[in-house]
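Visitor: Here are the chains, one letter per residue:
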Amino acid sequence: MRKRKGVLRLTISYIILIIIAICALYPALWVVLSSLRPGASLYSEHLWPDRFTLSHYKELFHNKQFQYGTWYLNTLKIATLTMIFSTILMTLSMYALSRFRFKGRQTTLTVMLVLGMFPSFMSLIAIYIFLLQLNLLDTHAAIILVYSAGSVLGGFLVKGFYDTVPRSLDEAARIDGANHMQIFVRIMLPLSRPVLTYIALTSFAGAWVDFIFARLVLRTKEKWTLAVGMWDMVNSFQNSNFTLFAAGAVLIAIPITILFIFLQNFLVQGLTSGASKG
Amino acid sequence: MKRHRATAAVLSVLSMGLGQLYNRQFGKGILFLCIQIASLIYLIPRAGHGLWGLITLGDQAQQRVKVGKITKVIQGDHSIYLLIDGIIIVLLILIVAGIYLANIYDAHRIGKVRDTGDKPNNIYQTYQFVTDRYFPHLLLSVPAIGVLFLTIMPILFTIMLAFTNYSSPGHIPPAKLVDWVGFQTFADLIKLKSWSGTFLGILKWTVIWAVVATFTTYFGGLLVALLIEQSGIRFKKMWRTVFILPYAIPQLISLLVMRNLFNGQFGPINQYLKAFGLGTLPWLTDPFWAKVTVIVVNMWVGIPVSMVLILGVLTSIPKDMYEAAEVDGATAFQKFRIITLPFILFSTAPILITQFAGNFNNFNVIFLLTGGAPVNGDYQYAGHTDLLVTWLYSLTLNFSQFNMASAIGIIIFIIVATFSIINYRRSRSFKEEDMIQ
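First to last, the protein sequences are chains A and B. Under numbering that gives the first Met the number 0, the first sequence has 208 at position 209, and the numbering climbs by one with no breaks. Under numbering that gives the first Met the number 0, the second sequence has 236 at position 237, and the numbering climbs by one with no breaks.
One or more of the hints may lead you astray.
[Said to hold, decoys possible] Computed cross-link-like contacts, BS3-like style, restricted to lysine-lysine with a CA-CA straight-line distance of at most 27 Å: (1) K111/B x K102/A; (2) K111/B x K4/A; (3) K273/B x K290/B; (4) K236/B x K4/A.
Treat the hints as calculated values from the structure; they're not laboratory data.
Bound-form chain B, shown alone:
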């Protein structure tokens, strides 16, 4: 009685779709066969070369050969294209392997249905079955492919770069080859004085920045929210709209405008200082003042978000708590300290961590406002206000230090992941979503 399931499975192992054809599911079988033929046609000529490229990163750089009087360029291997092709080939092989396994499983399952004497589904029933049982998988398949090739593949590629010597000036294809170097990049980052000094200096400023930026925007937002929500303040909606404006203006614009506002020579801020008889300040050109400026500007950008969040919490505090406190004779300040503040802190604690992680990687404010400047002579390719993430950006796009940039990216990831894991473990939507229903 077990004949069908075994035969179908074996046939499907031999070739995708054969088991389905044996099970008399012709549509499905032909579909599987087509997938198999297409993937074989695509993969067979490419797989070997792809894997070879991934392992060796090429063995022949571009060469210039003198033939008589003209130099001829002989194209060699482009290590980076080989790397990316290799990753794509591996991903494709994994996908095909997945389909292959599903095909065997399916043949076996339908064989089992036939063994019990039932008829296998026809093509319409199959369609019904799939859209019912595998509905979530169908919905997720399209975004999954996008994410696989536009997020996962690039990240894999960049992680791998950290283990190569892909950097200017010595190892830039096509003129030169790139090689695997193991943990050499990380060792350089720690051991070489120039790199480690820059890294530690920037890391220190990044942490200070993230802490200060998170707290200033949080407590600024708290202050504004409390001011608006006070009893007796009128036009609450208008105030909220006014204070939300900095959030509504795209950061690209507001920060570039700020850069001009704080311009040391002609900017209006310094003009006002002069008009009041005060000295001008080197807002963006002095290392210390540049740091002050980015924090102040970040408050302008970030306070609206905190304000909105805290206003939301404030309205959700049960009114009877205040009434009870009033009966007990609490003063306004006591009510704030004992009810309002703990309530807000408790419900916004997760946001603080998210905002900290966001500020840690706050690219816009630094990049658009100072671009990392003023330049620090002791640093490798970085300035006084550079964060790790802006340093990563300029190492990649301006200085072609790709391997170092990838190593830094991995370190940023580890730091941010540590914070996020703490946060998400407590988060309801990730863990206990079934509780609500």
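Isolated chain A (complex conformation):
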């Protein structure tokens, strides 16, 4: 009796899991298949296309209206540099805030928290004018600067991590004559690899898909990132050429999705520690 109940429970569970899995996978599968379908319309008879074609992907790179190749390189450059700078800035500043006791430390933490509570769009206009006056509009340097400087405020996760590293480690190294920088590079950095991977990944992904600041700052088509180009495509083409949109979407999503899936253990660690540490 008991055993049959268990089988029933498992069967129902598997059925529910499969239904949820279909819901989770369907949109992704649909857009990939749409991008391989001939024609341009959103409407299709079947999910599975009768014939596969790569023409939409080719069009993205050959049509003069899009400069997908350029945008890809731009995005790669911006996202990589943003990742490097924001990881460095975040790690160094959060290390300082976690490890040292100095005057104004609590105030700094409070200010960071308070700043993080303002909706980020509130700064759009001011940043635009500021960059205009510095003659930095329409440059990649500006957008990297904005992303990296903004990332610091989200660093509580890193601080939470350093808070958990026992203090006796650095004290021992201090006694052995190491200076602060050596302690940081030799002891703390290797220890914090998981959390660094997490913030590197999220800042890379953030820069990869941002279309709001990027659209504001990057004015000419050759300077655009993928997300901006995508947004433009949606506004001008979506209904008339859905399959082309699908192809563009797949190309943008693939690198991030693959990174996330392969590094999911780091993501899980990052999410969980971020949650319990605030």
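Assemble the complex: chain A is given as a structure, and chain B must be docked to it using the hints.
Guide: Below, chain B without anything else, positioned relative to chain A:
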């Protein structure tokens, strides 16, 4: 015996670096002197005009004057540039004042060292001292400058906008000037029927949305996590990977794809409904169904995160608690109700508040999926699914109602801050971090 410290401090008051030079710390003294010269060269021609601009926001708008047959444009004051320049000048003055005070303090301190008969540090020793004693300050200085000019300055600027009349059509520079109006914008938001109706309507939907979105994703995540962690379920890792996929796809892409999936005319969802002989639904075009759609889609986006978090908690529940319960003859449901559920709720309560605040400002889901549509005729510049934050966005970028957008931003801040303060006061990493070590 107190001669050195007093002399050095007075000299440093007179000019930055003089006290250091008197203390025979030439490198440091010259550095301070250079900072002083540079800041004076930069600030003296600009400070007066900057402060004047900040206070008056300009007094001469752009003018068109007819000279013979051609109209000539005479450039006037651009109130918004004046405002931003004014803020930057004030910030720079504060920074220089800070350095100035540090310079006096330093001269006094070194003077004191000399008074006791010790030798002041040479430049190499100073470097050693600074990298040791002020190491955290050094690390924080670069990010601090970035945050000051790219976050604090913009936020100050936007807060100030709420107290001006910077809005279309009457007050857009350079053609027109902008003026300080005090709390007029807030008064309009409360008193003018059109604004207050929109604001209250959107606020109500924002709160409903935040509550429903938080609970659906939380309990959805709980359900999925419990299903996976059941004893007897195989391929746990595979299930987790499958369910994490919606989180791995960038929201920009997944939400734009969803917008097509739910397309009323050609979207596959309605096609399936038709194929099963059911009527089609106006997923994104009807006010009620649009709200349902955003909540359903948000579940798709948000459940993976809750699932990951709850899976983490589930594995940390001590096994002996279950063993003890089994000895006492507890059923599976009792074990769940008495051990699992309280444990999960207790350790994820702070996340619930964070997620609530996140959903309150969930820009992506609304903006990318519906863009606030369908339009509500009774609202000022907003639609049925608009949240406060998407309304703020369109007021700023599409309708140029900058002062109203800033006022709403401040209100959002107050609401979110209230929730966060409750949360962070309990948070360990903010308060009691020394306990662990």
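Visitor: Assess, step by step, whether the Cα of K111/B is no farther than 27 Å from the Cα of K4/A, and give holds or violated.
Guide: With a Cα-Cα distance of about 84 Å, the restraint between K111/B and K4/A is violated, given a limit of 27 Å.
Visitor: Is K236/B within 27 Å of K4/A, Cα to Cα?
Guide: The hint holds at about 25 Å.
Visitor: Between K111/B and K102/A, is the straight-line Cα distance small enough, at 27 Å or below?
Guide: Holds, at about 22 Å.
Visitor: Take the C-alpha atoms of K273/B and K290/B, compute the straight-line distance between them, and say whether it is at most 27 Å.
Guide: holds (22 Å)
Of the hints listed earlier, the one the structure fails to meet is number 2.
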